[in-house]
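2 protein chains.
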Amino acid sequence: MNPTIELLKSHRSIRKFKDQPLPDGLLETLISAGQCAATSNQVQAYTVIRVTNTENRETLAELAGGQPWIKAASEFLVFCADMKRATEAAERAGADVVRGMTEQLLVASIDAALMAQNVAVAAESEKLGICYIGGLRNNPEQVSELLRLPEHVYPVFGMCIGYPDHDPQVKPRLPVETILKQDYYDDSQDQAQVDAFDDTMHQYYLERTGGKKDSNWSEELKPLFTDKLRPHMKEFLEKRGFGVK
Amino acid sequence: MNPTIELLKSHRSIRKFKDQPLPDGLLETLISAGQCAATSNQVQAYTVIRVTNTENRETLAELAGGQPWIKAASEFLVFCADMKRATEAAERAGADVVRGMTEQLLVASIDAALMAQNVAVAAESEKLGICYIGGLRNNPEQVSELLRLPEHVYPVFGMCIGYPDHDPQVKPRLPVETILKQDYYDDSQDQAQVDAFDDTMHQYYLERTGGKKDSNWSEELKPLFTDKLRPHMKEFLEKRGFGVK
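Chains as they are written, first to last, in the numbering used here: chain A, 3 to 247; chain B, 3 to 247.
Hints were generated in silico from the structure; no laboratory data involved. None of the hints are false.
Because identical chains cannot be distinguished in the list, a pair is counted as satisfied if it fits within a single copy or across any two copies.
List time: in silico DSS-like cross-link candidates among lysine-lysine, alpha-carbon distance up to 27 Å:
hint, residue 1, residue 2
1, Lys-230, Lys-247
2, Lys-230, Lys-73
3, Lys-215, Lys-230
4, Lys-247, Lys-224
5, Lys-11, Lys-129
6, Lys-214, Lys-224
7, Lys-230, Lys-241
8, Lys-20, Lys-173
9, Lys-236, Lys-247
10, Lys-129, Lys-73
11, Lys-129, Lys-18
12, Lys-73, Lys-20
Can you build the whole structure from these sequences, using the hints too?
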């Protein structure tokens, strides 16, 4: 394994950070490395908001469902899907533009994700730790208002960045053979593999919590499929001009 | 700049590949590095289809709008957003699951993108070249049928992987200051910066084509905003059980 692949395989979310700022210019280097990720037809449909205002950090920590590391991290970034800039550029160039298409929602969300993952890898290559914050989608309206996001821009997720002050284990993943299929989607082995992975995760939780957390993968997934998990997203996105048609 | 950041900054899409297979086990290593990317609540909402069947490769090259490198690449992967596996696992664990929520569409699409970007970086760290193929969304129904994708699984994009047989330039990106904003979305400088970037891209196109391509960023964006760009995506996704509510 080369050092880059070793780095990728050592990722874990960091939620405790040292009180140590990033050296001057490093954040810009990370963002610039992020921008080098592939982008659909070079549209670069993203904007990153770097939140330095302490009060806003506190508010975001609350809006994300109580995540104090948003305040404690050296940097907190909000990755936004941004179709505004490109649409307006095309419009100024004379295009009779159409807004609100679902394809544009996908392009912008995926562009933002590819870019963010490069930022994450770049940060980790500099011994920084990161944590994605999907919880911003708990209250996307309030987040958008706080960051003064205009129409055709929405907050996809946040990211805490800083020097790690704890050393959590790498979390297990499903076996490669479960998620990699040859030529066709064949899930005849999935259930047995998921059962085995439930055992893996059960062991992981027991070890990590000194026997306190008696759970597994399937159990932990249950809350993700209730109708309480961000049921507002469809209406929110449509209001922002995403996925209307 | 450390070697990983240098690697990230050297990315360019590769569309000409040597007739040279990947060493045994490397693809699995790349996928496994991909799986180490962050995943929303560990849901791992993705499946990758490795297409080895020559006839299917040809069909996919056509379905993607005529992209022969899909056939010529050593490997061609289709990254699918997959909510089926996790939903069924939660259901077997006793959850009264809800399907079709827009939040689930986002989670699965973003999970697939973060994972794919790690695969891309891992591949490039092994001197391989890659090219994302968003064109699979030109004909997502036919792609899904060909790969026998079930409900709650959809093809987000493809990726060609192989040893590069050309050496294209790195494509310019918008200035960091255009896409990185402090505390608030302030686009008062965007138009001037986009104008300058149009000049950068104009020069880039002229140089790359020996003076033949007289265009710029804004001009090239125009086709992305017509109502002909994948207007079927909303209906397609809903039919697949994504983003219904």
